[in-house]
Amino acid sequence: MALQPTRPGGRLYRDPQRRVVAGVAAGIATHVGLPVLAIRIAFCVLLGFNGIGAVMYAVFWAVLPVEPGRAKRGRDWQSALPFLAIGGGVLLVQQLVGLSGVQSAIGWLVALVALGAGVIWHQADPQRRARLEMAVTKRSWLTGMVGDSDRPGYLLRLIGGGILVAVGVVGITAVIAPIPGAGLTSLLNSLVFSIVALAGVGLVVAPVLWRMFGQLRAEREARIRETERAELAAMVHDQVLHTLALIQRNAADPKSVLQLARGQERTLRNWLYKPAWSASERFAAALEEIAGEVEDAYPVAVEVVVVGDRPVSEAIGALIRATREAVVNAARHAGVDTISVYAEVEPEEINVFIRDRGKGFDLGSVEETRHGVRGSIIGRMARHGGEAEIRSAPGEGTEVRLALPVRKVQDNDAAPAEGAKA
Amino acid sequence: MTEQDDTTAAAPLRVFLVDDHAMFRAGVRAELGGRDIDVVGEASSVAQAASAIITLAPDVVLLDVHMPDGGGRAVLDQVRKASPGIKFLALSVSDAAEDVIGLIRAGARGYVTKTISSDELAAAIRRVADGDAVFSPRLAGFVLDAFASRGDAPVADPELDQLTTREREVLRLLARGYAYKEIAKELYISIKTVETHVSNVLRKLQMSNRYELSRWAADRRLV
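Read top to bottom, the protein sequences are chains A and B.
Following the numbering used here, the numbering of the first sequence begins with 2 at its first residue and continues without gaps.
Following the numbering used here, the numbering of the second sequence begins with 317 at its first residue and continues without gaps.
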């Protein structure tokens, strides 16, 4: 009990932060409370006894986990030099004294096997798994295949570890059973043995790897589901619950309740059936957006029916703005609950009808005073080669018809319009 | 679709309600009371609905599109085999194209959304009971889109697969939000003629094998 661990109950870890080779010596030093230097020299000296220092180091390295929370530091080869020198010296002395022989060779080879097995074993360590996982989720599969620098290294290490094990096994067989005169046969035999041994290692490691990848996949799926759930929860919370609260507060005012419900319905629909196009891209989407904006601003329902669709051009942009003006006029002046907007996109012409069953007005008297109609609707349409026609009479509602001649859409333009809705 | 002053039906109509939301059923029942429309029964599931409808033989069934155990389509298929005379009006929050076209092609004579006013709902029920069709503006738009003359599409049966110019005009006005009476005035024809045109369109919609119609249910997602 002289060697009390510095941290009571502490486990033995490797300490990659203070490493020279893999942090084994540093880890042991921390654990037993001796100076690192002493441990390192001990390993070097042990090299002389049948290479047992190398075996021990390799086994420790293979088995010990990295101390949690310790960042890896680059290897400092310069500080390794003295220890290499000590090791070399020990070996030299051993050679001179004549202690080397079969035993020491076996020690070295066992160290080789341990090293190879350790390399393979470490592929399945939890930190690497975490790193791999991050790489998988952060990158798309393509960059994952092409740009993931970890993956080739992973394979390389696996193969390298395998080769080390194989060489070690071959060497051990060659040393233990040196059949005189049959060098090639025994080498072949040992090769077969080593392949068998490798297959054994593969059998052991494969389920671990398989399980690891399965776990990885499951975790990823769970995270995707969790993200979706969080998105839904956020949407319901920010929007639906908020709207419901507002509806309760405004329960006495049917108009604002209607407006709130309509706005929420539209948001939910957009969220559920994500529109294929944005309002700046396609005509139909732009009309839907107008309807939404007007419904938000005025207590009316705007029913939009669009037959056909095409991309927004400058002239179509003007048509959209004129439509907006007409819808806003109807919402403001007609005094109705519902406004109908019907648009038909034909190959050579777009027609838009904005209709309400409201008050209506006398065309002769109003056009002078209502600048909006003349400037924003009739003038705008005329500037883009279209026309606007207003039908209205007091008490009979109003219908605005906007017509815009357009050039035939090219086939490659029309095709995505059909495909994208699908 | 709308005709508020058309309240001169002779005998009270017998209507059956199928909807999985009790609150909605209660609301419709309350709205239709006092409009010469008698709600003779209700059901909240496909299984309940089919047998009750066949027993009660109502004039019109108001049918919800989406229900937990199969939806309006299942009710339509079961009842129409036993009693082909019962008329269906589909009623749903969704007016997605695949729902609309799917139910019409299964035999419903009309389609309205649940936001419809009670006057309009009563008028729609009467129209369906009279054997006519009820098209919402959106449904009219869908039909125009589906029957649009795309140059490359071959027409197998011109009688079923194309709309006449007149039918197209009527549908356009429906899509523009015109009531039947207003359409009649606009086109200088009688209301009865408008109804005939719409019924013909409904028949084509149900019978035509146009690619757009069968494809619609499968891959269109218009809202």
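Treat the hints with care, as some may be off.
What the hints assert, rightly or not - Across the chosen pairs, the derived CB separations fall in these ranges:
1. B:His382 x A:Pro66: 50 to 60 Å
2. B:Asp354 x A:Gly376: 47 to 57 Å
3. B:Ile505 x A:Glu282: 54 to 64 Å
4. A:Pro255 x B:Ala363: 15 to 25 Å
5. B:Ser367 x A:Thr268: 36 to 46 Å
6. A:Arg333 x B:Ala398: 51 to 61 Å
7. B:His382 x A:Gly380: 39 to 49 Å
8. A:Ala394 x B:Thr509: 17 to 27 Å
9. A:Glu294 x B:Thr431: 33 to 43 Å
10. B:Gly401 x A:Gly376: 37 to 47 Å
11. B:Asp354 x A:Val241: 30 to 40 Å
12. A:Val241 x B:Asn516: 23 to 33 Å
As the list claims (entries may be wrong) - If you want the ones that stay clear, here's a sample from chain B, every Cβ over 12 Å from chain A, calculated:
13. Ala346
14. Asp352
15. Ala363
16. Asp385
17. Arg396
18. Thr431
19. Pro453
20. Ala456
21. Gly457
22. Asp461
23. Leu490
24. Arg492
25. Ala495
26. Glu498
Claimed, not checked - Dumping the calculated BS3-like pairs for lysine-lysine here, alpha-carbon to alpha-carbon at most 30 Å:
27. A:Lys360 x A:Lys256
28. B:Lys501 x B:Lys397
29. B:Lys430 x B:Lys497
30. B:Lys497 x A:Lys360
31. A:Lys256 x B:Lys508
32. A:Lys256 x B:Lys497
33. A:Lys256 x B:Lys403
34. B:Lys403 x B:Lys501
35. B:Lys403 x B:Lys430
36. B:Lys508 x B:Lys497
37. A:Lys360 x B:Lys430
38. B:Lys403 x A:Lys360
Source of the hints: derived by calculation from the structure; they are not laboratory data.
Even for Gly, the Cβ is constructed at its ideal location relative to N, Cα and C.
Hints, verified against the model:
As the Cβ distance of His382 of chain B to Pro66 of chain A is approximately 55 Å, the hint placing it in 50 to 60 Å holds. Between Asp354 of chain B and Gly376 of chain A the beta carbons are some 55 Å apart, a value that agrees with the proposed interval 47 to 57 Å. Judged by the Cβ atoms, the range 54 to 64 Å given for Ile505 of chain B and Glu282 of chain A is violated: they are separated by roughly 40 Å. One distance hint, 15 to 25 Å for the beta-carbon pair Pro255 of chain A and Ala363 of chain B, is violated here, with the actual separation near 37 Å.
With their beta carbons about 40 Å apart, Ser367 of chain B and Thr268 of chain A fall inside the hinted range of 36 to 46 Å. For the pair Arg333 of chain A and Ala398 of chain B, the supplied restraint of 51 to 61 Å holds, since their beta-carbon distance comes to about 53 Å. Range check, His382 of chain B to Gly380 of chain A: Cβ separation about 47 Å, and the 39 to 49 Å hint holds. For Ala394 of chain A and Thr509 of chain B, the hinted distance range of 17 to 27 Å is satisfied, since their beta carbons lie about 25 Å from each other.
Take Glu294 of chain A and Thr431 of chain B: their Cβ atoms lie about 19 Å apart, and the range 33 to 43 Å is violated. A hinted range of 37 to 47 Å is violated for the C-beta pair Gly401 of chain B and Gly376 of chain A, which are about 58 Å apart. Evaluation of the 30 to 40 Å hint for Asp354 of chain B and Val241 of chain A yields a pass: the beta carbon distance comes to about 37 Å. Range check, Val241 of chain A to Asn516 of chain B: about 43 Å between beta-carbon atoms, so the 23 to 33 Å window is missed.
Distance check on Ala346 of chain B: its Cβ is at least 17 Å (rounded) from any Cβ of chain A, clearing the 12 Å threshold; non-interface status holds. No beta-carbon of chain A is positioned within 12 Å of the beta-carbon of Asp352 of chain B; the least distance is around 25 Å. At roughly 28 Å, the least C-beta separation between Ala363 of chain B and chain A is larger than 12 Å, which holds for a residue marked as non-interface. No Cβ of chain A comes within 12 Å of the Cβ of Asp385 of chain B; the nearest lies about 22 Å off, and the non-interface call holds.
No Cβ of chain A comes within 12 Å of the Cβ of Arg396 of chain B; the nearest lies about 29 Å off, and the non-interface call holds. Not every beta carbon of chain A lies more than 12 Å from that of Thr431 of chain B, the smallest distance being close to 8 Å; the non-interface claim is violated. Not every C-beta of chain A lies more than 12 Å from that of Pro453 of chain B, the closest at about 5 Å, which undercuts listing it as non-interface. With a minimum CB-CB distance of about 7 Å to chain A, Ala456 of chain B fails to clear the 12 Å threshold, and the non-interface call is violated.
The Cβ of Gly457 of chain B sits about 4 Å from the closest Cβ of chain A, inside the 12 Å cut-off, so the non-interface label is violated. Separation of Asp461 of chain B from chain A is inadequate, the least Cβ-Cβ distance of about 5 Å not exceeding the 12 Å criterion. For Leu490 of chain B, the requirement that its beta carbon stay farther than 12 Å from each beta carbon of chain A is not met, with the minimum near 9 Å. For Arg492 of chain B, the condition that its CB be more than 12 Å from all CB atoms of chain A is violated, with the nearest at approximately 4 Å.
Look at Ala495 of chain B: its CB is around 9 Å from the nearest CB on chain A, not clear of 12 Å, so calling it non-interface is violated. A Cβ of chain A approaches the Cβ of Glu498 of chain B within 12 Å, the least distance being about 9 Å, so the stated non-interface status is violated. With a CA separation close to 19 Å, the supplied pair Lys360 of chain A and Lys256 of chain A stays within the 30 Å bound. With a C-alpha separation of about 39 Å, the suggested pair Lys501 of chain B and Lys397 of chain B falls outside the 30 Å cut-off, and the hint is violated.
Proposed proximity of Lys430 of chain B and Lys497 of chain B is supported: the alpha carbons are some 23 Å apart, at most 30 Å. Between the alpha carbons of Lys497 of chain B and Lys360 of chain A the distance comes to roughly 19 Å, so the proposed pair stays at or under 30 Å and holds. Pair hint Lys256 of chain A plus Lys508 of chain B does not hold up; C-alpha atoms about 36 Å apart against a cutoff of 30 Å. Restraint check for Lys256 of chain A and Lys497 of chain B: the C-alpha separation of about 29 Å stays at or below 30 Å, so the hint holds.
Using a Cα cut-off of 30 Å, the hinted pair Lys256 of chain A and Lys403 of chain B is violated, with the two alpha carbons roughly 35 Å apart. About 28 Å separates the Cα atoms of Lys403 of chain B and Lys501 of chain B, which keeps this hinted pair within 30 Å; it holds. Using a Cα cut-off of 30 Å, the hinted pair Lys403 of chain B and Lys430 of chain B holds, with the two alpha carbons roughly 18 Å apart. Our distance criterion of 30 Å between C-alpha atoms is met by Lys508 of chain B and Lys497 of chain B, whose separation comes to about 9 Å.
Simply put, Lys360 of chain A and Lys430 of chain B have alpha-carbon atoms about 27 Å apart, close enough for the 30 Å limit, and the pair holds. Distance hint between Lys403 of chain B and Lys360 of chain A is unfulfilled; the C-alpha atoms sit about 37 Å from each other, more than 30 Å.
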